[in-house]
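Chain by chain, the residues:
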Amino acid sequence: MKYLKILSMGNHAKHAEKFVNNDSRTDWHDESLWYVRNKRDKAAHAIDEWEELRELASQIKTHTLTKLSDYLREFEANATKNGVVVHWAKDAKEHNEIVLKILQAKNIDRVVKSKSMLTEECHLNQFLESKNIEIVDTDLGEWIVQLKNQPPSHIVMPAIHLKKEEIGQLFKEKNITDIESDDPEFLTLASRVFLRKKFQLSKAAITGVNFAIAETGEVVVCTNEGNADMGVHFSEVSIHCMGLEKIIPKRKHLGVFTRLLARSATGQNITVYTSHHRRPEKGQEKHVILLDNGRSERIHDDDFWTALKCIRCGACMNTCPIYRRSGGYSYDYTIPGPIGSILAPSVDLEAHGDLPFASTLCGSCTDVCPVKIDLHEQLFRWRQIISKKQGANTLRELTNKATSLVLFNRNLYNLSTGLMKYVPSFILNSKLNKWSKGRKTPKISNTSFKSWLKNKNKL
Amino acid sequence: MKIGLFIPCYIDQFYPEVGKISYLLLQKLGHEVYVPMDVQCCGQPIANAGYEDLAKPLYNKFVEQYKDFDMVVMPSGSCTYHIKSHYTNVEQSEQLKKIRRVTIDICDFLLKYEKDNLPKVEFSGKVALHTGCHSLRGLRFGEGSEIHKKPHSKLKELLSYAENAIVNDLDRPDECCGFGGTFAIAEEAISVKMGNDKIRDVKRQEVDYLISNDMSCLMHLGGIIKKKKEKIKVMHVIEIFKDFVNG
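Heads up: the protein sequence lines correspond to chains A and B, in order. For the first sequence, counting from 1, position 214 maps to 214 in this note's numbering; every step adds exactly one. For the second sequence, counting from 1, position 51 maps to 51 in this note's numbering; every step adds exactly one.
Next comes chain A alone, as it looks inside the complex (with noise of 0.2 Å):
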């Protein structure tokens, strides 16, 4: 079974190679995505001291890791002050639970939400609409994939995958609107009208967070759509989920990571509104869900606890040539690209494995990361691990004690490069090897350089 399970291809590899396969389509993807990425390079490089903002906010977040639990205790009890409930969560299930009681307490079975790629972490609408709740994803992305019972495929940008066309014969088949169009005010404007029903008919509003600050007890969501605001402002009770990383100490550093987040995401200077959350509206109740979910365990890994300083822009996705021409669903994770390849792993070893070698480690993650995670160096540490876990005896180690062996041994080096050169050229670039479906085989030269240094010396 182990032979077999390493000889075949990779999930991402297999998925990848059907992406690929549609060559127009993905470089269409490919190049919607070089446009997000250019207008975050222009966006970052008319600050002048943009590396310097990037050195701080890394800093920052490093500094509030390491007294993660000291931050945590007083944005709880500045929390609490304010009159904002909050809740922890060992797990998902938990964090689930937890959002259901605060419903059936107030007996409400409609929720509308505001992009929380932690909500999707916990599969909460799944979980909900289980128990009879409807929940309306309201971000217009968000919302497009929830219609078409799909994932997010992209944590900032969730329905990237999608044509307009798609979209416009979507929402005909769902009775959104009853004509088929692909004229994108057209379709915005028919989602607004639907949206804003459920809206209306919702007592409870959930969204996510992007930072929680300690010293103030106020969670700041940033969005363009001003739809968490809405939905915060007509309800009567409000969930905000969050991640135990999101905390930051105090609100003067909120700043160097609202510069950094929308640059880095979309290109925007500042996503339209940076709303702060700071307590209920009299006659409302607001609550916040604190989810460990395996991140206090993370944090004590040595090789990967720097992934906890992710902001989710999702830049590292936008500048992946690799994500740029697989999609988001190849890596069959929550949080696709190569932020998703370094946290997975950690999540289900056996299940995602095959990520961190879905990438060349060209290192463009590294550069672009906002707040300087060393993507490409934890997607090298992972491939030891990987390898180490699978044991001894796959085909992959083999292969590779032969090559080491082979490399090391001048003789047996010899050896084989002498016999390579007898492979007949219809052999090397038949199907037999794979370098030459796409590629020719290089040849090997009559005279390789050692060879010919060492005549030169006789002489």
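Just so you know, these hints were derived from the structure itself, not from any lab. Think of the CB as a built atom: it goes at the ideal place given N, C-alpha and C, for glycine as much as any other residue. Among the clues, some could well be false.
[As the list claims (entries may be wrong)] Distance condition first, Cα-Cα at most 20 Å in a straight line; then the derived PhoX-like pairs of lysine-lysine:
(1) K18/A x K431/A
(2) K56/B x K389/A
(3) K149/B x K42/A
(4) K233/B x K443/A
(5) K149/B x K39/A
(6) K228/B x K437/A
(7) K229/B x K440/A
(8) K437/A x K229/B
(9) K443/A x K226/B
(10) K443/A x K20/B
(11) K20/B x K454/A
(12) K440/A x K233/B
(13) K228/B x K431/A
(14) K61/B x K401/A
(15) K226/B x K440/A
(16) K454/A x K28/B
(17) K42/A x K150/B
(18) K98/B x K2/B
(19) K228/B x K434/A
(20) K440/A x K228/B
(21) K226/B x K431/A
(22) K56/B x K388/A
(23) K226/B x K437/A
(24) K227/B x K431/A
(25) K456/A x K20/B
(26) K227/B x K434/A
(27) K434/A x K226/B
[Unchecked claim] Residues of chain B placed beyond 12 Å of chain A at every Cβ, according to the derived structure:
(28) D68
(29) L111
(30) Y113
(31) D116
(32) N117
(33) K120
(34) K126
(35) H152
(36) A162
(37) K231
(38) K242
Following the hints, complete the assembly by docking chain B onto the known chain A.
Below, chain B without anything else, positioned relative to chain A:
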């Protein structure tokens, strides 16, 4: 200087010309050049595949054989980066620390120590440049567009010695070519797609040559060019000094 030249296995076997020119050029510039015949590999392909431990004997051998030189020079940014950054799981002896310090890619070496001694050479044609990612981002051979710093390119600097060469910039000069070692096989479809896209970019610039400092990228890109029967020639940047060293 007493230089230990390292020619990685794929250059030794597939592109011996690049090895020869490296050797002769350094000699011609007045250096004592030695090539320890027992070392074929820095261990990178095995470590990048996730078997750092199996690469250890190669690391140790490399250190043992190259410990006595003033500089360790190689025509491969990728191997240079590996030695400097990833020789971490073996004993950090003084010898190893020295090797990590004195290891340098040949392009870097030429620009750092031989800037005024390099000749102007006859080489004409339109050229597109590809800096391997490990050189670009690992050794800072230039500034990727991600980083907000003054742009520079070591490849372009070297090309300035070929007065009649015209460099046409790629639309995406810092996009990875898709080689990535074992990635080229494990993720064959994406690897080839990335290579095809790179060649498409090169073709748009209507050039005669694609020049890089990394033959492993060029092994992949050259393979694509041949498969597509394109006319673009690939070469290592130091090959512009070919006539100089043979003259």
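Tested hints:
1. K18/A x K431/A: Status holds; Cα separation ~19 Å.
2. K56/B x K389/A: Status holds; Cα separation ~19 Å.
3. K149/B x K42/A: Holds. K149/B to K42/A sits at ~13 Å (cutoff 20 Å).
4. K233/B x K443/A: OK: K233/B and K443/A at ~16 Å, within 20 Å.
5. K149/B x K39/A: Given that 20 Å is the threshold and the Cα spacing comes to 17 Å, the pair holds.
6. K228/B x K437/A: holds, 12 Å
7. K229/B x K440/A: Judged against 20 Å, a Cα distance of about 10 Å means the pair holds.
8. K437/A x K229/B: holds, 14 Å
9. K443/A x K226/B: Holds - the C-alpha atoms of K226/B and K443/A are around 12 Å apart, at most 20 Å.
10. K443/A x K20/B: holds, 17 Å
11. K20/B x K454/A: holds, 12 Å
12. K440/A x K233/B: With a Cα-Cα distance of about 14 Å, the restraint between K440/A and K233/B holds, given a limit of 20 Å.
13. K228/B x K431/A: holds, 17 Å
14. K61/B x K401/A: Distance ~16 Å between K61/B and K401/A Cα, so the pair holds.
15. K226/B x K440/A: holds, 6 Å
16. K454/A x K28/B: holds, 19 Å
17. K42/A x K150/B: holds, 14 Å
18. K98/B x K2/B: The hint holds at about 14 Å.
19. K228/B x K434/A: Distance ~17 Å between K228/B and K434/A Cα, so the pair holds.
20. K440/A x K228/B: holds, 9 Å
21. K226/B x K431/A: holds, 17 Å
22. K56/B x K388/A: Holds - the C-alpha atoms of K388/A and K56/B are around 15 Å apart, at most 20 Å.
23. K226/B x K437/A: Cα-Cα ~12 Å, so holds.
24. K227/B x K431/A: The given pair, whose Cα atoms are some 14 Å apart, holds under the 20 Å limit.
25. K456/A x K20/B: holds, 11 Å
26. K227/B x K434/A: With a Cα-Cα distance of about 14 Å, the restraint between K227/B and K434/A holds, given a limit of 20 Å.
27. K434/A x K226/B: holds, 16 Å
28. D68: holds, 18 Å
29. L111: Given that every Cβ of chain A is farther than 12 Å from that of L111/B, nearest at about 21 Å, it holds.
30. Y113: holds, 23 Å
31. D116: holds, 28 Å
32. N117: holds, 23 Å
33. K120: Fine: 27 Å to the nearest Cβ keeps K120/B off the interface.
34. K126: The assertion about K126/B holds, with a minimum of 23 Å to chain A.
35. H152: H152/B is indeed farther than 12 Å from all Cβ atoms of chain A, at 15 Å.
36. A162: Non-interface label on A162/B holds, nearest chain A Cβ at 23 Å vs cutoff 12 Å.
37. K231: Check passes; 14 Å lies beyond 12 Å.
38. K242: Check passes; 15 Å lies beyond 12 Å.
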